[in-house]
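Chains as they are written, first to last, in the working numbering: chain A, 1 to 157; chain B, 1 to 157; chain C, 1 to 157; chain D, 1 to 157; chain E, 1 to 157; chain F, 1 to 157.
Hints are not guaranteed to be accurate.
Because identical chains cannot be distinguished in the list, a pair is counted as satisfied if it fits within a single copy or across any two copies.
[Stated by the list, open to error] In silico BS3-like pairs for lysine-lysine, Cα to Cα no more than 30 Å straight-line:
(1) Lys87 - Lys2
(2) Lys154 - Lys2
(3) Lys26 - Lys157
(4) Lys30 - Lys151
(5) Lys157 - Lys30
(6) Lys2 - Lys132
(7) Lys157 - Lys2
(8) Lys154 - Lys30
(9) Lys2 - Lys151
(10) Lys26 - Lys87
(11) Lys151 - Lys26
(12) Lys154 - Lys107
Just so you know, these hints were derived from the structure itself, not from any lab.
Protein chains: 6
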Amino acid sequence: MKAAMYPGSFDPVTNGHVDIITRASKVFDKLVVVVMKNSAKNPLFSQEERVRLIEEATSHLDNVQVDMYDDLLIRYAKEKNVNIVVKGLRAVSDFESEFQMAQINRKLYPNIETLFLNTSTEYSYLSSSIVKEIYRYDGDIKPLVPDNVYKIMKDRK
Amino acid sequence: MKAAMYPGSFDPVTNGHVDIITRASKVFDKLVVVVMKNSAKNPLFSQEERVRLIEEATSHLDNVQVDMYDDLLIRYAKEKNVNIVVKGLRAVSDFESEFQMAQINRKLYPNIETLFLNTSTEYSYLSSSIVKEIYRYDGDIKPLVPDNVYKIMKDRK
Amino acid sequence: MKAAMYPGSFDPVTNGHVDIITRASKVFDKLVVVVMKNSAKNPLFSQEERVRLIEEATSHLDNVQVDMYDDLLIRYAKEKNVNIVVKGLRAVSDFESEFQMAQINRKLYPNIETLFLNTSTEYSYLSSSIVKEIYRYDGDIKPLVPDNVYKIMKDRK
Amino acid sequence: MKAAMYPGSFDPVTNGHVDIITRASKVFDKLVVVVMKNSAKNPLFSQEERVRLIEEATSHLDNVQVDMYDDLLIRYAKEKNVNIVVKGLRAVSDFESEFQMAQINRKLYPNIETLFLNTSTEYSYLSSSIVKEIYRYDGDIKPLVPDNVYKIMKDRK
Amino acid sequence: MKAAMYPGSFDPVTNGHVDIITRASKVFDKLVVVVMKNSAKNPLFSQEERVRLIEEATSHLDNVQVDMYDDLLIRYAKEKNVNIVVKGLRAVSDFESEFQMAQINRKLYPNIETLFLNTSTEYSYLSSSIVKEIYRYDGDIKPLVPDNVYKIMKDRK
Amino acid sequence: MKAAMYPGSFDPVTNGHVDIITRASKVFDKLVVVVMKNSAKNPLFSQEERVRLIEEATSHLDNVQVDMYDDLLIRYAKEKNVNIVVKGLRAVSDFESEFQMAQINRKLYPNIETLFLNTSTEYSYLSSSIVKEIYRYDGDIKPLVPDNVYKIMKDRK
Numbered sequence: 001m002k003a004a005m006y007p008g009s010f011d012p013v014t015n016g017h018v019d020i021i022t023r024a025s026k027v028f029d030k031l032v033v034v035v036m037k038n039s040a041k042n043p044l045f046s047q048e049e050r051v052r053l054i055e056e057a058t059s060h061l062d063n064v065q066v067d068m069y070d071d072l073l074i075r076y077a078k079e080k081n082v083n084i085v086v087k088g089l090r091a092v093s094d095f096e097s098e099f100q101m102a103q104i105n106r107k108l109y110p111n112i113e114t115l116f117l118n119t120s121t122e123y124s125y126l127s128s129s130i131v132k133e134i135y136r137y138d139g140d141i142k143p144l145v146p147d148n149v150y151k152i153m154k155d156r157k
Numbered sequence: 001m002k003a004a005m006y007p008g009s010f011d012p013v014t015n016g017h018v019d020i021i022t023r024a025s026k027v028f029d030k031l032v033v034v035v036m037k038n039s040a041k042n043p044l045f046s047q048e049e050r051v052r053l054i055e056e057a058t059s060h061l062d063n064v065q066v067d068m069y070d071d072l073l074i075r076y077a078k079e080k081n082v083n084i085v086v087k088g089l090r091a092v093s094d095f096e097s098e099f100q101m102a103q104i105n106r107k108l109y110p111n112i113e114t115l116f117l118n119t120s121t122e123y124s125y126l127s128s129s130i131v132k133e134i135y136r137y138d139g140d141i142k143p144l145v146p147d148n149v150y151k152i153m154k155d156r157k
Numbered sequence: 001m002k003a004a005m006y007p008g009s010f011d012p013v014t015n016g017h018v019d020i021i022t023r024a025s026k027v028f029d030k031l032v033v034v035v036m037k038n039s040a041k042n043p044l045f046s047q048e049e050r051v052r053l054i055e056e057a058t059s060h061l062d063n064v065q066v067d068m069y070d071d072l073l074i075r076y077a078k079e080k081n082v083n084i085v086v087k088g089l090r091a092v093s094d095f096e097s098e099f100q101m102a103q104i105n106r107k108l109y110p111n112i113e114t115l116f117l118n119t120s121t122e123y124s125y126l127s128s129s130i131v132k133e134i135y136r137y138d139g140d141i142k143p144l145v146p147d148n149v150y151k152i153m154k155d156r157k
Numbered sequence: 001m002k003a004a005m006y007p008g009s010f011d012p013v014t015n016g017h018v019d020i021i022t023r024a025s026k027v028f029d030k031l032v033v034v035v036m037k038n039s040a041k042n043p044l045f046s047q048e049e050r051v052r053l054i055e056e057a058t059s060h061l062d063n064v065q066v067d068m069y070d071d072l073l074i075r076y077a078k079e080k081n082v083n084i085v086v087k088g089l090r091a092v093s094d095f096e097s098e099f100q101m102a103q104i105n106r107k108l109y110p111n112i113e114t115l116f117l118n119t120s121t122e123y124s125y126l127s128s129s130i131v132k133e134i135y136r137y138d139g140d141i142k143p144l145v146p147d148n149v150y151k152i153m154k155d156r157k
Numbered sequence: 001m002k003a004a005m006y007p008g009s010f011d012p013v014t015n016g017h018v019d020i021i022t023r024a025s026k027v028f029d030k031l032v033v034v035v036m037k038n039s040a041k042n043p044l045f046s047q048e049e050r051v052r053l054i055e056e057a058t059s060h061l062d063n064v065q066v067d068m069y070d071d072l073l074i075r076y077a078k079e080k081n082v083n084i085v086v087k088g089l090r091a092v093s094d095f096e097s098e099f100q101m102a103q104i105n106r107k108l109y110p111n112i113e114t115l116f117l118n119t120s121t122e123y124s125y126l127s128s129s130i131v132k133e134i135y136r137y138d139g140d141i142k143p144l145v146p147d148n149v150y151k152i153m154k155d156r157k
Numbered sequence: 001m002k003a004a005m006y007p008g009s010f011d012p013v014t015n016g017h018v019d020i021i022t023r024a025s026k027v028f029d030k031l032v033v034v035v036m037k038n039s040a041k042n043p044l045f046s047q048e049e050r051v052r053l054i055e056e057a058t059s060h061l062d063n064v065q066v067d068m069y070d071d072l073l074i075r076y077a078k079e080k081n082v083n084i085v086v087k088g089l090r091a092v093s094d095f096e097s098e099f100q101m102a103q104i105n106r107k108l109y110p111n112i113e114t115l116f117l118n119t120s121t122e123y124s125y126l127s128s129s130i131v132k133e134i135y136r137y138d139g140d141i142k143p144l145v146p147d148n149v150y151k152i153m154k155d156r157k
């Protein structure tokens with residue numbers, strides 16, 4: 001069985017992330033979404049909340065699990081024996097930073113392999129940071145995030 | 001009448017900005033330079049000062065106005081009924097971040113349209129941040145900014 | 001009145017071109033689509049046919065005209081007194097070649113000004129060459145080109 | 001069982017290709033290398049020769065097969081029911097052309113999914129064209145291609 | 001003594017090339033401009049003419065020589081014992097192809113080292129191809145090439 | 001005699017930096033590594049420690065010196081009469097920021113000239129920041145930095 005993981009901070013999960021999760025879940029037998037600690041000081045959602053929001057938004061996908069982790073990704077790979085990493089690429093700037101990360105991971109742990117999917121064109125502009133910036137100015141984030149994320153963000157205002 | 005806006009933080013306005021303002025003022029019937037709040041904690045100039053410095057530096061351009069705003073750009077577009085945004089592009093890195101911004105703005109407000117001008121080659125290296133860095137080290141910023149900006153920055157030292 | 005031109009070879013015009021034409025026609029008082037000779041040896045359509053196909057596909061846009069030209073673009077600008085050029089940008093590779101062209105045009109004729117629109121995300125992969133390649137292999141080009149282009153291409157097979 | 005295909009013209013197969021094949025063969029249950037007709041007029045090797053050279057160079061990889069095809073890739077996907085495409089990315093220029101191809105393929109056949117691996121750093125400069133250019137000038141291609149390709153190319157001189 | 005070479009096809013030499021030659025001649029004790037055969041079928045100038053045109057345009061630079069060569073650059077490096085290559089970079093697209101070439105050269109001949117200079121901003125749009133395209137349409141190439149090149153091209157019309 | 005400088009913050013020096021130093025030391029008669037103050041608040045090593053670590057790691061290179069400086073690079077160039085700057089380029093993102101810096105330096109001090117070397121492919125993913133991030137998580141940095149840096153970092157844990 002081929003299992004893959006999709007790591008990120010997902011603060012919050014966007015429609016772009018759900019698109020990658022949905023497509024990657026068809027490519028691999030099992031997909032684990034791994035919620036990493038957000039390096040930013042004040043995350044919008046706690047790591048536990050982010051796990052739950054992704055679980056809800058992907059509950060219709062049988063082979064998707066959600067986990068959380070706070071250490072180097074290659075340690076997670078070794079512990080769980082999941083050596084395939086999936087990442088979404090939106091643009092050239094993503095490309096370079098993600099490729100550096102993929103190369104350093106292989107240098108430190110040769111068994112790990114990173115595969116990239118291109119973000120669907122309708123989400124090519126979308127990121128968690130952009131969602132948060134629009135949210136801060138009371139802009140309409142409904143078309144950008146899953147319904148459950150939209151509701152909880154609206155309630156918190 | 002076709003009015004356009006040119007948003008930015010302009011802290012401070014550079015010769016590169018004035019080049020874009022001058023060229024865009026010939027393309028559109030009216031151009032409004034919109035000074036946005038600088039997200040950095042300690043701006044060099046207050047928003048009011050930045051407005052005045054641009055007004056002085058563009059006083060010879062009859063169809064240019066300067067305004068300030070602190071909210072989402074699409075709200076300014078709706079309030080003032082100015083649906084054309086002008087931005088300068090210097091390099092590939094500008095290209096991607098500006099295109100993301102243009103796409104998200106159209107997603108949130110389909111009437112808005114962003115047009116890009118390429119920065120003149122002689123200013124392709126120039127940014128407000130670079131001006132401030134050279135200024136911090138007492139480097140010569142005279143060739144980089146309009147005269148009025150140069151004088152006020154020199155006096156403040 | 002601010003008139004702009006949108007030059008290209010349009011062999012054939014795609015939905016991506018029509019998207020740029022539609023959006024640019026709202027920004028300028030008048031838009032002239034200028035069909036340039038295709039430098040490729042065996043164009044799919046003659047220059048006259050390409051003009052007609054664009055006229056049909058944009059007949060609902062009152063301020064859009066279609067013209068053809070075989071010389072340097074800056075000569076057309078001088079002859080017709082249309083000094084604004086509109087171009088669509090899809091990706092970084094477009095960005096560099098188009099910026100070079102815009103810079104050389106301004107070097108040769110300082111009055112000319114090029115403005116760029118980003119191609120809508122749903123057409124970011126689309127080009128006349130890709131349409132022709134799919135067509136050559138009997139792939140379905142219906143979602144990629146205007147209806148009139150689709151019909152004439154289908155009939156010719 | 002998850003099968004993937006790795007399409008290309010492979011004229012000739014390089015060490016960079018073999019690196020991608022080796023790594024992709026660990027990610028998927030089965031990998032089919034699909035040798036496409038080379039669009040260039042005078043290929044170095046016939047399509048049949050290219051198939052055989054890849055078969056020899058990957059004979060130690062049990063789950064790798066080699067096939068050939070001359071039509072749209074999405075037709076191969078439908079015929080063989082292999083909906084996962086693997087591609088190697090070396091640099092930004094690859095990134096854009098490959099992403100366009102992946103997007104157009106999904107537009108024409110939504111079931112198809114393209115995954116990208118970054119070429120190992122030691123092969124980031126390598127392509128079939130560069131091998132042929134060095135070969136044409138009698139340069140040493142031994143470090144660039146598999147042994148069997150090296151021998152046959154040397155013999156042909 | 002540190003000698004470097006600056007290879008290219010220079011068909012014709014432009015003001016951008018002369019800028020790189022001038023600046024590189026200050027960095028190295030001796031600079032050899034190496035005119036390579038143009039791979040295009042119909043060059044504007046013969047290899048001998050191109051050598052002479054560069055010699056004339058750089059006659060004021062004492063430590064610059066002009067040579068011609070038709071084989072792999074690394075063979076020239078070995079024969080002449082000149083292991084430093086200088087190249088100009090204008091844009092991201094140059095960057096990738098030039099870096100590939102530099103890497104393959106070092107792979108084939110580890111003693112060779114390529115150093116890059118950024119083209120001066122006022123020439124960032126300039127290339128021999130653009131000069132030839134403007135020339136073909138009787139555009140004004142005077143500001144783009146050295147005087148001697150301008151005269152000979154004008155006379156040939 | 002042609003002297004060049006290689007400026008950076010080197011916090012800490014990596015195998016990628018040593019690769020550039022080694023190769024540049026063959027190109028120029030003398031190479032001065034200039035350790036600039038790290039703009040980050042909490043550097044891993046003091047400026048003096050960074051100087052010493054580079055001196056140790058490059059002690060086998062006779063024509064390499066290490067210096068430190070806290071002001072604009074062009075002032076160092078004037079004071080020491082070293083007008084050649086060497087920089088390593090890893091990727092497109094480096095390219096643009098380094099070219100901006102080179103252009104602004106020439107604008108402020110026309111005598112200064114920046115030359116770029118491409119980082120060897122095996123270090124193309126490597127940076128001081130990545131070393132520090134892996135170190136923070138107790139990852140293995142042994143293959144990424146010189147031995148003396150590895151030892152001192154391990155002892156400090």
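Verification of the hints:
For the identical chains of this complex, Lys87 and Lys2 are neighbours both inside a copy (16 Å) and across copies (19 Å), given an alpha-carbon limit of 30 Å. Proximity of Lys154 and Lys2 under a CA criterion of 30 Å is satisfied in neither setting, with 38 Å inside one chain copy and 37 Å between copies. Taking the closest pair of Cα atoms, Lys26 and Lys157 never come within 30 Å of each other, the shortest separation being 36 Å inside a single copy and 37 Å across copies. Taking the shortest alpha-carbon separations for Lys30 and Lys151, only the intra-copy value of 28 Å comes in at or below 30 Å, while the best inter-copy value is 41 Å.
Taking the closest pair of Cα atoms, Lys157 and Lys30 never come within 30 Å of each other, the shortest separation being 36 Å inside a single copy and 38 Å across copies. For a Cα distance limit of 30 Å, the shortest separation of Lys2 from Lys132 qualifies neither inside one copy, at 34 Å, nor across copies, at 32 Å. Taking identical chains as interchangeable, the C-alpha atoms of Lys157 and Lys2 are never at most 30 Å apart, the minima being 42 Å within one chain and 37 Å between chains. Taking CA atoms no more than 30 Å apart as the test, Lys154 paired with Lys30 passes in neither setting, with 32 Å inside one copy and 38 Å between copies.
Proximity of Lys2 and Lys151 under a CA criterion of 30 Å is satisfied in neither setting, with 35 Å inside one chain copy and 37 Å between copies. When the C-alpha separation of Lys26 and Lys87 is checked against a cutoff of 30 Å, the pair qualifies both within a copy, at 15 Å, and between copies, at 18 Å. With identical chains, the CA atoms of Lys151 and Lys26 are at most 30 Å apart within one copy only, with a shortest distance of 28 Å there and 36 Å across copies. Taking identical chains as interchangeable, the C-alpha atoms of Lys154 and Lys107 lie at most 30 Å apart only when they sit on different chains, with a minimum of 19 Å there against 43 Å within one chain.
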